[in-house]
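There are 4 protein chains.
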Amino acid sequence: MSNSSLGHLFVVSNFGESHGPAIGCVVDGCPPGLPLCEADLQADLDRRKPGTSRHVTQRQEGDQVEILSGVFEGVTTGAPIGLLIRNQDQRSKDYGNIVDSFRPGHADYTYWHKYGIRDHRGGGRSSARMTAPMVAAGAIAKKWLAMQFGIVVRGCMTQIGDVEIPFQSWEEVAKNPFFAPNATVVDSLESYMDALRKSGDSCGAGLRVQATGVPVGWGSPLYDKLDADIAHAMMSINAVKGVEIGAGFGCITQKGSEHGDEMSLDGFGSNHAGGVLGGISTGQDIEVRMAIKPTSSIRLPRNSINKAGEPVVVETFGRHDPCVGIRATPIAEAMLALVLIDHALMHRAQCADVRVDTPVVPAGRSDY
Amino acid sequence: MSNSSLGHLFVVSNFGESHGPAIGCVVDGCPPGLPLCEADLQADLDRRKPGTSRHVTQRQEGDQVEILSGVFEGVTTGAPIGLLIRNQDQRSKDYGNIVDSFRPGHADYTYWHKYGIRDHRGGGRSSARMTAPMVAAGAIAKKWLAMQFGIVVRGCMTQIGDVEIPFQSWEEVAKNPFFAPNATVVDSLESYMDALRKSGDSCGAGLRVQATGVPVGWGSPLYDKLDADIAHAMMSINAVKGVEIGAGFGCITQKGSEHGDEMSLDGFGSNHAGGVLGGISTGQDIEVRMAIKPTSSIRLPRNSINKAGEPVVVETFGRHDPCVGIRATPIAEAMLALVLIDHALMHRAQCADVRVDTPVVPAGRSDY
Amino acid sequence: MSNSSLGHLFVVSNFGESHGPAIGCVVDGCPPGLPLCEADLQADLDRRKPGTSRHVTQRQEGDQVEILSGVFEGVTTGAPIGLLIRNQDQRSKDYGNIVDSFRPGHADYTYWHKYGIRDHRGGGRSSARMTAPMVAAGAIAKKWLAMQFGIVVRGCMTQIGDVEIPFQSWEEVAKNPFFAPNATVVDSLESYMDALRKSGDSCGAGLRVQATGVPVGWGSPLYDKLDADIAHAMMSINAVKGVEIGAGFGCITQKGSEHGDEMSLDGFGSNHAGGVLGGISTGQDIEVRMAIKPTSSIRLPRNSINKAGEPVVVETFGRHDPCVGIRATPIAEAMLALVLIDHALMHRAQCADVRVDTPVVPAGRSDY
Amino acid sequence: MSNSSLGHLFVVSNFGESHGPAIGCVVDGCPPGLPLCEADLQADLDRRKPGTSRHVTQRQEGDQVEILSGVFEGVTTGAPIGLLIRNQDQRSKDYGNIVDSFRPGHADYTYWHKYGIRDHRGGGRSSARMTAPMVAAGAIAKKWLAMQFGIVVRGCMTQIGDVEIPFQSWEEVAKNPFFAPNATVVDSLESYMDALRKSGDSCGAGLRVQATGVPVGWGSPLYDKLDADIAHAMMSINAVKGVEIGAGFGCITQKGSEHGDEMSLDGFGSNHAGGVLGGISTGQDIEVRMAIKPTSSIRLPRNSINKAGEPVVVETFGRHDPCVGIRATPIAEAMLALVLIDHALMHRAQCADVRVDTPVVPAGRSDY
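Protein chains in written order, with the working numbering: chain A, 195 to 562; chain B, 195 to 562; chain C, 195 to 562; chain D, 195 to 562.
The following block holds chain A by itself, in its conformation from the complex (with noise of 0.2 Å):
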């Protein structure tokens, strides 16, 4: 049990503040024999660092890691891979007027009853800044399973605030700093993210990640099924307040008739599993779909109190994404991947011996 850690045999250790001296994981039980460097965590920590367009914080962060062990000769040996990445751009004083106030919707509030001393700083152990770490974790996960197994994980935007973002094509997803699959919507996204941003307010967002290639048997029947192991690391995402697997809500009014999805040797007829059964992989397309709120640290004023339990107004400085949901992209896909090769490990351990002739249903097509 550790309150920091995440995963069962693929284990990341996290620790660091927003404006502590750094931040960083331990990543432990990675195979040996993979190929790493530190480029290969690089790409996808720059897809998540902060400053890289108007529409999220303008902290300035390289977010440049470094491996502090388990890697010898370009090769990861067995043993646990530290990962260091330090902070350059606080500017703590940001943050004066919130010493002795919570913000409303922030974590300000909960922290400071639980422990009793909370550091202010950019949000300190709350801040969204603790995902890099998961995301350098989680592309040692990608990079393992891609060359195992050929699992491709990929994310996309499926809303912004009040704007739907229909699914196009995952190449689209790359070409604007929406993380949007569809190209014909950017322009109301910059119009939305600049009413918004000159506001002062913030908005909430939806996501979808999805993996493929993952093989039939992964997960467990109770409790570590491969869906709520899921629904337990999407949720474990800053400001995730909602997690769908496969229909997800969609399935209450379905019928058992049209959501059970038939299988035959050209594959399945449809996903509405979204890739599991009974906690375990169908082969399918794992497909997760996530709902992340509004950023609460607003410019607008909110009637809050402080630890002397005055009331007061609280309007936040600092620097902030007025969408914390556009960034969680490769979070939410860090996430995923560290939850599937856990689970591939795990699967390893227990049924490393068991062959069945059945044959495999090819994963069909997902209808998202």
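Please note: incorrect hints may appear among the correct ones.
Just so you have them, the derived chain A footprint on chain C, three or more residues with Cβ under 8 Å [stated by the list, open to error]:
1. 291-305
2. 535-546
Which residues of chain D face chain C? A partial, calculated answer using Cβ under 7 Å [stated by the list, open to error]:
3. V357
4. K392
5. L416
6. A425
Simulated from the structure, these hints should not be mistaken for laboratory data.
All residues carry an ideal CB built from backbone N, CA and C; glycine is no exception.
Using the hints provided, position chains B, C and D relative to the given structure of chain A.
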């Protein structure tokens, strides 16, 4: 790491199959000194058990639980509590036609490929029957939470298939076979379920579970966030495909100025957070919603394959819930209680010495 | 984290008390496909059970184990295996005089202060009776290790009280009631134990357990070293006060030029390492020795206090082993087997893909 | 489950190799509110560090630790504490001759077969250098235990090679380079070590570690017994081959009437239990002894094989401790402190509400 256990400090290790001799669990970590007897567990088991109305499976199980250990002279001793429920009404022959075939939407296919062996009788390990021991364990958690903190955990249906169930009052829930918090929809639900059953099909459902009285401060920043552990627990219930905390997916279109719950010493102004901020309880009601897929075992013919890879048409006999979501109410309550007691114990492990002078914000009301 | 569980991937969760209705455990993580029936477990249970000679406790327990789950048509399914043993021969009134007093050297005093409640009957949870489910679980591990790797786990006594037992052959162990690997000392042991029993006192014992056939490579550098996990498992057996691997305490006066086991393709030249280097198995025999303290429940009067803090003289009635070490042989075997299967599964989780051309050094002989 | 972590609630996750850029750890679960700065950690790091006398390795490392997180304004926040120590004095070329050969008694051979890759430089992950982060983590535990309970953890040598070191006083330990609690043997130790070093050989050692002030009630019945976790922690220190609690192997020849420590309100009459009964602390001193094998890297020629399976003669250059046991004293103290804080937290998780009127028996004296 244990596939079949739930929790970190209050750990429930589950065993059993639908048509095996018995099901049960070991509850490890229950604090000593809690008055406990079998009747304490039976109440919730009776709410969950099959055969109580024509709208659920007609399998007859008394679900009588035996406490095998951990209780001495009516009080818990701190030792693990062994719980045993004998299976009594198996009709394994009803499953003869699926020995070699895979039901669409069912775990048949994934179990087979994972383990190379499958107890097909009544769904084996993937049966909803496995939730009975969790309900018994959850009843222990509920009692401790109530006695130590006055916490109340309760649940109700929000929708069954196409029939929405507006919330009216908690008192209604026990008065109808649908766990519906609204007397006026009961007739519609009766008709809907009767027609569904006659059609041989099944339907999905929406469910809400709430905990009141949870103090501020339970949970962790990452990754054992209170909400992440709740998501994990709920998604580990059979057939759950989506989980929301507080505003859930509704937060996508909320602005930060709306979503962030304002605070005063009169109470929180709203509860969009669902009682959790930064992974830690706020002192407000914990509010969770989930989606439950339609039962995959239906009488209607579906296309599938068998173990030899040949195309087959599967019709499922045996006794099944046409809407497995109905009986999920006590299960979801149990799971929430189990997560809460686990975090209660973790909290006092880490923060037993913390004293804060800041007054606590009253819960306010949840607009759900 | 679970107080009452052992193992990481092959997890045994134990429950029960000496005079409660039943004892048992849940074995989670057993690979599917292992042929298993109750007779497989009963052999070792019978070796451990009480009442088999005048030199052990006269409590009569058949220790008949029931498999409640996880086995279908004679083969493990990968689901957790529930094991149940009903207690049959309790005589709780024998313990009437220690309801309020603490036996010197016994867990009475520590349980009372920890939990504020204590099942005093037969030692409750601290009874050696709790090892029966471990022996049953260990028998599963032994069978899997034997079938998959040809591993043999066996143990014997090295000393009972003042009587040393020089190793002669493994064949002798089953031929006398002392698990003595030497026929010539049996008469001395009979006399020694008869005199001890008559005196009302108890004695300590030395025990050795060995595993042959363990492949090179199981274990981890730190902290789940194979030897560290063995030490944990052995010290978690009731009454064990010391554990050695290989040369053990003898290594204090060894030089490096003597202790380090030389290698050639003819085999290791010695086995001072006891089969573990750097926390990882060498392919040699795993060699473990341990010390077991004398039973604390004796008929001789001892000074102590009662719950009120008053001085009392405690004499223990009830039925006890005058040398609890004797029956510890099958227990220690079970514990070693449980650690080995756990590391076998962890090893293939992390290193399933590793291929090395270097030839393996044969085990050579263990000079113990 | 994490190979490289220690503890359940106070969890230390270690990373690094002897000749990599840095070593360190993440300390998760430290209660908030503990005053902490780097100087608190440096004292024990300096006791462990190499190069402090001619009797230990001559590698020069300042072992300056940097606190990367979890401390704010001089006080722990409850967030994970990242600790970093840069390696400074690597001489990797010294290890050129063992790139392809396996040192007898060293982890070279087992790592190679396990992982298929090995960082040979300075022993890589198997180096005693890995204990530095544990000493730093242990210093946090020591400080908390001292401030909360007045617990003192201390260690000393009992034997170095052939030279026994009778216990005289704890005050002597810091006054000589051997952690010897006896001034009169220091000259003998100097001569013994000088001769040993000259011979190119190495020797084993005996070590004792003690904790005073531990309250009654910490630990669990099974399997996370306090003594079992201590045995695990000690055996996970490099080169430890044996662990004893209290009377240890001496209990084999004790009678029950001698071993069981009598109690009165004046104190325990003896401490054969070593402060633990039934896996739970008695309130007496925790007494642990261990055996440390001779360093396997010696200058004397030894027979071995290389990666191709060919016979080779290995002589080890590089800088090594002729008796690795000497510097193990602060390491063993750290490990004991880590186990104790972990159980302190577990105890209050489960038993925070327990109140017992029975007076506590004073510790009495430990005759060691």
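So, D/K392 near chain C? Judge it on the closest CB pair being under 7 Å. violated (13 Å)
Status of the D/A425 interface restraint (C-beta, 7 Å, chain C): Result: holds, 4 Å to nearest chain C Cβ.
Per-residue hint verdict: D/V357, partner chain C, C-beta under 7 Å: Violated, about 10 Å.
Go check the segment 291-305 of chain C versus chain A for me, would you? Three or more residues, Cβ under 8 Å, otherwise it fails. violated (count 0)
Mind checking the CB of D/L416 against every CB in chain C and telling me if the closest is under 7 Å? At 6 Å from the nearest chain C Cβ, D/L416 passes the 7 Å test, so the hint holds.
Assertion that chain A covers the segment 535-546 of chain C - criterion: three or more residues, beta-carbon distance below 8 Å: holds (count 7)
Consistency with the previously given hints fails for numbers 1, 3 and 4, ordered from lowest to highest.
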